[in-house]
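Produce the entire structure from the sequences given, and follow the hints as far as they go.
First to last, the sequence lines map onto chains D and X. Residue numbering for the first sequence follows the numbering used here, starting at 1 and increasing by one per position. Residue numbering for the second sequence follows the numbering used here, starting at 112 and increasing by one per position.
Heads up, a few of these hints could be off.
A few chain X residues facing chain D, derived, Cβ under 7 Å [as the list claims (entries may be wrong)]:
(1) ASN141
(2) LEU154
(3) HIS156
(4) LYS210
(5) LEU211
Capping the alpha-carbon separation at 30 Å, the derived lysine-lysine pairs in DSS-like fashion look like this [as the list claims (entries may be wrong)]:
(6) D:LYS57 x X:LYS181
(7) D:LYS57 x X:LYS137
(8) X:LYS180 x D:LYS57
For the record, the hints were derived by calculation from the structure and aren't laboratory data. From the three backbone atoms N, C-alpha and C, an ideal C-beta is built for every residue, glycine too.
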Amino acid sequence: DSGVTQTPKHLITATGQRVTLRCSPRSGDLSVYWYQQSLDQGLQFLIQYYNGEERAKGNILERFSAQQFPDLHSELNLSSLELGDSALYFCASSVGHNEQFFGPGTRLTVL
Amino acid sequence: SQQGEEDPQALSIQEGENATMNCSYKTSINNLQWYRQNSGRGLVHLILIRSNEREKHSGRLRVTLDTSKKSSSLLITASRAADTASYFCATDRRNQGGKLIFGQGTELSVKP
Numbered sequence: 001d002s003g004v005t006q007t008p009k010h011l012i013t014a015t016g017q018r019v020t021l022r023c024s025p026r027s028g029d030l031s032v033y034w035y036q037q038s039l040d041q042g043l044q045f046l047i048q049y050y051n052g053e054e055r056a057k058g059n060i061l062e063r064f065s066a067q068q069f070p071d072l073h074s075e076l077n078l079s080s081l082e083l084g085d086s087a088l089y090f091c092a093s094s095v096g097h098n099e100q101f102f103g104p105g106t107r108l109t110v111l
Numbered sequence: 112s113q114q115g116e117e118d119p120q121a122l123s124i125q126e127g128e129n130a131t132m133n134c135s136y137k138t139s140i141n142n143l144q145w146y147r148q149n150s151g152r153g154l155v156h157l158i159l160i161r162s163n164e165r166e167k168h169s170g171r172l173r174v175t176l177d178t179s180k181k182s183s184s185l186l187i188t189a190s191r192a193a194d195t196a197s198y199f200c201a202t203d204r205r206n207q208g209g210k211l212i213f214g215q216g217t218e219l220s221v222k223p
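Here's what the structure looks like:
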């Protein structure tokens, strides 16, 4: 158990819909990262927050947004979903440039 | 885009043998991390090696880093069937805030 929690574990939805994925980092970790894993793209960095502020952005679509709340949990919002958004979405947390610990992931299926 | 290139893409060995996976990257790094993933499940952190380190051990794992060649290797000694998984290297690039760039991974199969 990494100490990072993610909900829900599985999500099945239809094209055009909007979903919210939730992540709670390990106690004390200020940095939260979101990654997407798909068969064709592999593991890709989406976005990073540090203590409530956006720190870095990767190849995140405009339809996707995220935020980190004062209690340090983070949410990833995916809207206008397309079939190609089906993937595993991981959240990770860390302290500085140290090990990143990953949550169990949310498997999103868009039908 | 992927920072790391891993080879081999797939590796099949017998229990008790050693497994070596290699990772190459392109830019200066703060550290390089290795992860294991069992069949579509979560990523388990194995080991982190910093840019000023050359070798690190953790149990049956040995990681080396050659910054002049921009490459790293992960050695698993005396492998077990339970080591069957995908292994990924990930780089924390300089001046990039800590995000990890992952390689495509090596799929390791250890046969009993």
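- Take the C-alpha atoms of LYS57 (chain D) and LYS137 (chain X), compute the straight-line distance between them, and say whether it is at most 30 Å. Satisfied, since the Cα-Cα distance of roughly 20 Å is no more than 30 Å.
- Message: Using the nearest Cβ pair, does LEU154 (chain X) come within less than 7 Å of chain D?
- Response: Holds: closest Cβ of chain D sits about 4 Å from LEU154 (chain X), inside 7 Å.
- Query: Is the interface hint for ASN141 (chain X) satisfied, with its Cβ closer than 7 Å to some Cβ of chain D?
  - Reply: Holds. Min distance 5 Å.
- Query: Does the CB of LYS210 (chain X) sit less than 7 Å away from some CB of chain D?
  - Reply: Holds: closest Cβ of chain D sits about 5 Å from LYS210 (chain X), inside 7 Å.
- Query: Does LYS181 (chain X) lie within 30 Å of LYS57 (chain D) when you go C-alpha to C-alpha?
  - Reply: Status holds; Cα separation ~24 Å.
- Query: Given LEU211 (chain X) was flagged as interface, is its beta-carbon under 7 Å from a beta-carbon of chain D?
  - Reply: holds (6 Å)
- Message: Checking hints one by one. Is HIS156 (chain X) an interface residue toward chain D, by the C-beta closer than 7 Å rule?
- Response: Holds. Min distance 5 Å.
- Task: Decide if the proposed pair is consistent with the structure: LYS180 (chain X) and LYS57 (chain D), CA atoms, cutoff 30 Å inclusive.
- Result: Holds, because 28 Å separates the two Cα atoms, which is no more than 30 Å.
Against the hints set out earlier in the document, no violation occurs for any number.
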